[in-house]
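Colleague: The listed protein sequences correspond, in order, to chains A and B. Counting in our numbering, the first sequence tops out at residue 384, every number present. Counting in our numbering, the second sequence tops out at residue 521, every number present.
Calculated from the structure, these hints are not laboratory results. Positions of the beta carbon are idealized from the N, C-alpha and C atoms, including for glycine. Warning: the hint list may mix true and false statements.
Straight-line alpha carbon distances no greater than 25 angstroms define the calculated SDA-like cross-link-like pairs of lysine to any residue that follow [stated by the list, open to error]: (1) B:K385 with A:K32; (2) B:K410 with A:D371; (3) A:K32 with B:R323; (4) B:K511 with A:V282; (5) B:K264 with A:T348; (6) B:K511 with A:G278; (7) B:K156 with A:K232; (8) A:K271 with B:G307; (9) B:K378 with A:E336; (10) B:K396 with A:L381; (11) A:K232 with B:G395; (12) B:K154 with B:P324.
Not the full set, but computed from the structure, chain A residues with beta-carbon under 8 angstroms of chain B [said to hold, decoys possible]: (13) Q181; (14) L198; (15) R201; (16) M347; (17) W349; (18) K358; (19) D371.
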Amino acid sequence: MDFRLNEEQQMLQDTVARLVRGEYSFEKRLEFSESDLGFSEHFWKQLGELGLTAVPFPEELGGFGGTGVEVQSVMTELGRGLCIEPYLQSVVLGGGLISQAGNDQQKEQWLGGIASGETRAAVGLQEPQSFYDLNNVETRAEKSGDGYVLNGRKSVVIGGHCADVLVVSARIGGDTQDADGISLFLVRADAEGLERRTYPTIDGAKGCDLFLNNVTVGADALLGAEGKAAEVIEYQAGRAIAALCGEAVGVMEVACDLTLEYLKQRKQFGVPIGRFQVLQHRMVDMMSELEQARSMAILAASVADEPQSDERRRILAAAKNVIGRSGQFISEQGIQSHGGIGMTWEYNFAHYAKRLIMINHQLGDDDFHLERYATLLQAS
Amino acid sequence: MNMNYTAEELAFRDEVRAFLDKKLPADIAAKVKGFRRLSKEDHQRWQKILSEQGWYATHWPEEYGGVKWTPVQKHIWDEESCRYGVPRSIPFGVNMVAPVIIKFGNEEQKQRYLPRILSGEDWWCQGYSEPGAGSDLASLKTRAVREGDHYIVNGQKTWTTLGQHANMIFCLVRTNTEVKAQEGISFLLIDMNTPGITVRPIITLDGEHEVNEVFFEDVKVPVENLVGEEDKGWTYAKYLLTYERTGLAGIGLSKAALQHLKELASRRLKNGKPLIEDTAFSQRIAKVEIDLMAAAISNLRIIASVEGGGVPGAESSMLKVRGTEIRQSINDLARRAIGPYAIPFVEEELDLDYDGDYLSDENAAPLAAQYFNNRKLSIFGGSNEIQKNIVSKMILGL
Ligand SMILES: Cc1cc2nc3c(=O)[nH]c(=O)nc-3n(C[C@H](O)[C@H](O)[C@H](O)COP(=O)(O)OP(=O)(O)OC[C@H]3O[C@@H](n4cnc5c(N)ncnc54)[C@H](O)[C@@H]3O)c2cc1C
Ligand SMILES: Cc1cc2nc3c(=O)[nH]c(=O)nc-3n(C[C@H](O)[C@H](O)[C@H](O)COP(=O)(O)OP(=O)(O)OC[C@H]3O[C@@H](n4cnc5c(N)ncnc54)[C@H](O)[C@@H]3O)c2cc1C
Chain A
5 MDFRLNEEQQ MLQDTVARLV RGEYSFEKRL EFSESDLGFS EHFWKQLGEL GLTAVPFPEE
65 LGGFGGTGVE VQSVMTELGR GLCIEPYLQS VVLGGGLISQ AGNDQQKEQW LGGIASGETR
125 AAVGLQEPQS FYDLNNVETR AEKSGDGYVL NGRKSVVIGG HCADVLVVSA RIGGDTQDAD
185 GISLFLVRAD AEGLERRTYP TIDGAKGCDL FLNNVTVGAD ALLGAEGKAA EVIEYQAGRA
245 IAALCGEAVG VMEVACDLTL EYLKQRKQFG VPIGRFQVLQ HRMVDMMSEL EQARSMAILA
305 ASVADEPQSD ERRRILAAAK NVIGRSGQFI SEQGIQSHGG IGMTWEYNFA HYAKRLIMIN
365 HQLGDDDFHL ERYATLLQAS
Chain B
124 MNMNYTAEEL AFRDEVRAFL DKKLPADIAA KVKGFRRLSK EDHQRWQKIL SEQGWYATHW
184 PEEYGGVKWT PVQKHIWDEE SCRYGVPRSI PFGVNMVAPV IIKFGNEEQK QRYLPRILSG
244 EDWWCQGYSE PGAGSDLASL KTRAVREGDH YIVNGQKTWT TLGQHANMIF CLVRTNTEVK
304 AQEGISFLLI DMNTPGITVR PIITLDGEHE VNEVFFEDVK VPVENLVGEE DKGWTYAKYL
364 LTYERTGLAG IGLSKAALQH LKELASRRLK NGKPLIEDTA FSQRIAKVEI DLMAAAISNL
424 RIIASVEGGG VPGAESSMLK VRGTEIRQSI NDLARRAIGP YAIPFVEEEL DLDYDGDYLS
484 DENAAPLAAQ YFNNRKLSIF GGSNEIQKNI VSKMILGL
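Next comes chain A alone, as it looks inside the complex (with noise of 0.2 angstroms):
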């Protein structure tokens, strides 16, 4: 058994800690959060240029066939940037949708764009009601001569204020819950009837929520089998939650490091605050929640992309459910032990500690993991 990255793979991920060091600086991502785009063009069509936005696709897209490793470390640097681009909305779930689902002709329609960070893709898969559950849709598709009218509402698509195609869900059949009759459309962001409310994310990104109204596609937008969308979707979120497993883990290393360093060097009664034992004993329950975080990351990225099983359902819940409460203990707990200062705007702590804790509201938080976790351990 051997846990480290081989050499490419190392290399792969040295690449992105270049460019991040290199692009990202506290100052500048604050500058990228505030523009209109919402983060840094240049940043992005570098991913591209270096062909990271290519790493899960096939070599001849210019990829790498990179599967969970691979993508986890290049989202682990971006974590540790805290990077705001939607790579993880375009390259790992938009493609990745598409990479699965998609005939012959869509995948030459988009993957090439996405795989050169071109053309950019968002999902929209969960809705107002749907807390989480990826089946929980009401948006409704009706045939109409060859093709659909798309009608409701897809929540918190981030990215998507910025994408060129949108991978949404939509009914086509069954009851709000059921997995039976979910099909996923591919809808241009200049579609007629397409609404999109843009806003600034509370950790520094941007998303919009998505409104169709009598949105017409054609039959060539229809990805994958009418109907059966329920499987793609709950494929493509687990290798996404690997992903952001990656992320997380760069997150909690900065934070860690940060808070590390600041009980060293901050003194109070004479004496570096690190003396204190609560805060050693505190800082090394810290460190111990890191440490579970990467051994769960590890493991979900090794199952990201082998084929669906209760074994790879059950190690993404277990995973998802310990980046959760792990990234809001070191969240807290690193806040806490830096007293004020990790309170303020100006310092970059407090924004990886928001990182964290608003990773744990994107593809379900520990709660929705927990049961879902217990639910496949009845099941076994």
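Got chain A; can you put chain B with the ligands on it based on the hints?
Modeller: Same frame as chain A, but now just chain B with the ligands:
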């Protein structure tokens, strides 16, 4: 043992309710209940109403315009006002500097400052903490040197809550560097409009401007602004801190926040049913409600024990730790209750006058921000670690 209110206490509660029914402005209550931003004007408008009723200064003796409430009456007021959505009174004037002036100030200071606090003419802020002096407050460095009938003040205060609204600041300053740290500190009242004072905002992680840095450069402060004796400021400061701590458990605020959480969880859906009917989530709420029930009784026990007067001792430190943890848990659950909608930060919805469509629940916008903001509860007013140090030293003899 008798855990019921007396007939007089019940009558008092009715009186409080009648007053709040009639006098609490609906727009202000709506802001408080929806965790919206309150303006300086909102605070001042409400303070005026309270002052007219004679209920603003509940810690003061009657001769200075205070009202003599028993600890139980104060508790009733706290409970009812939180339930109704009364804005938290800004404590720095009425509950912090005033008790110090009343106990240690001279007659002139009482005549000058107390009426101005009652009328709302002065807005005070607290200048204790410095960049190098947080938990170790006594290590503060802001220097005051006497020159004739003035002190010349140089240095920096930080974390000054709502200093941007204040026209007065009470400061701990170093007047003697020759003695033990605690013995060279004085308590000065400083007009914020004095030349040489600069206030700079500190933005917190939720984007809020609530705290500030205050810089002093050769600021001339008349010696008559010294409270009590020179170099005795530490005693006064500690006296004030015990006042500060008693209010920090925030039991009433937790009760209001819990009510808000339950209403929210009744509106939000999970698996097609109200979230509050979800077993796991309802048990999370139940657990914090039970903790709060226990803490509320602990609070009453402390209140009852000081019924004869005085301020509670180190027990209030334990309650501060508990109380703040409970409030933070409620904020955590409220953020969880809105699921993915914790992520968008729709700042315009923080404004009560907002008349557009709400992105999700009409009370969702402030929830994640409030969760982050309230991480402060376990940091300020003496961090929870410091409170535990106090308990282990003062009560346990460790
Ligand atoms: C079931 C069992 C089997 C054992 N088997 C063996 C054996 O085979 N061989 C052998 O040699 N010994 C053995 N031990 C003894 C064991 O190593 C000691 O119990 C252990 O080292 C703790 O010492 P103590 O019990 O004297 O507790 P103490 O050292 O007195 O500690 C009491 C408490 O104070 C805490 N404490 C002490 N110092 C600090 C500090 N600096 N900072 C913070 N907290 C501190 C401890 O964590 C503990 O909570 C065994 C003990 C048990 C219970
Ligand atoms: C939102 C906010 C509003 C505030 N408003 C005001 C105000 O209006 N006026 C004012 O004067 N101050 C105010 N403060 C300051 C507040 O009182 C200090 O933040 C607090 O005293 C902690 O100091 P610090 O932030 O410097 O942290 P530090 O003292 O540096 O503490 C850092 C960490 O070390 C721990 N620590 C320190 N000493 C010990 C010890 N001996 N044992 C164990 N652990 C220890 C702390 O608990 C904390 O976890 C405010 C703070 C905040 C965050």
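Colleague: Confirm or reject each hint.
Modeller: Verification of the supplied hints:
1. B:K385 with A:K32: violated (41 angstroms)
2. B:K410 with A:D371: With a Cα-Cα distance of about 15 angstroms, the restraint between B:K410 and A:D371 holds, given a limit of 25 angstroms.
3. A:K32 with B:R323: holds (22 angstroms)
4. B:K511 with A:V282: Roughly 10 angstroms between the alpha carbons, so the hint for B:K511 and A:V282 holds.
5. B:K264 with A:T348: Holds - the C-alpha atoms of A:T348 and B:K264 are around 23 angstroms apart, at most 25 angstroms.
6. B:K511 with A:G278: holds (17 angstroms)
7. B:K156 with A:K232: violated (45 angstroms)
8. A:K271 with B:G307: holds (21 angstroms)
9. B:K378 with A:E336: holds (23 angstroms)
10. B:K396 with A:L381: Within the cut-off at roughly 24 angstroms; holds.
11. A:K232 with B:G395: Roughly 22 angstroms between the alpha carbons, so the hint for A:K232 and B:G395 holds.
12. B:K154 with B:P324: Answer holds: B:K154 to B:P324 is near 23 angstroms, not above 25 angstroms.
13. Q181: Hint holds; A:Q181 Cβ to chain B Cβ min 6 angstroms, cut 8 angstroms.
14. L198: The hint is violated - A:L198 has no Cβ within 8 angstroms of chain B, the shortest such distance being about 17 angstroms.
15. R201: With Cβ-Cβ at 7 angstroms, under 8 angstroms, it holds.
16. M347: holds (5 angstroms)
17. W349: holds (4 angstroms)
18. K358: Result: holds, 6 angstroms to nearest chain B Cβ.
19. D371: holds (6 angstroms)
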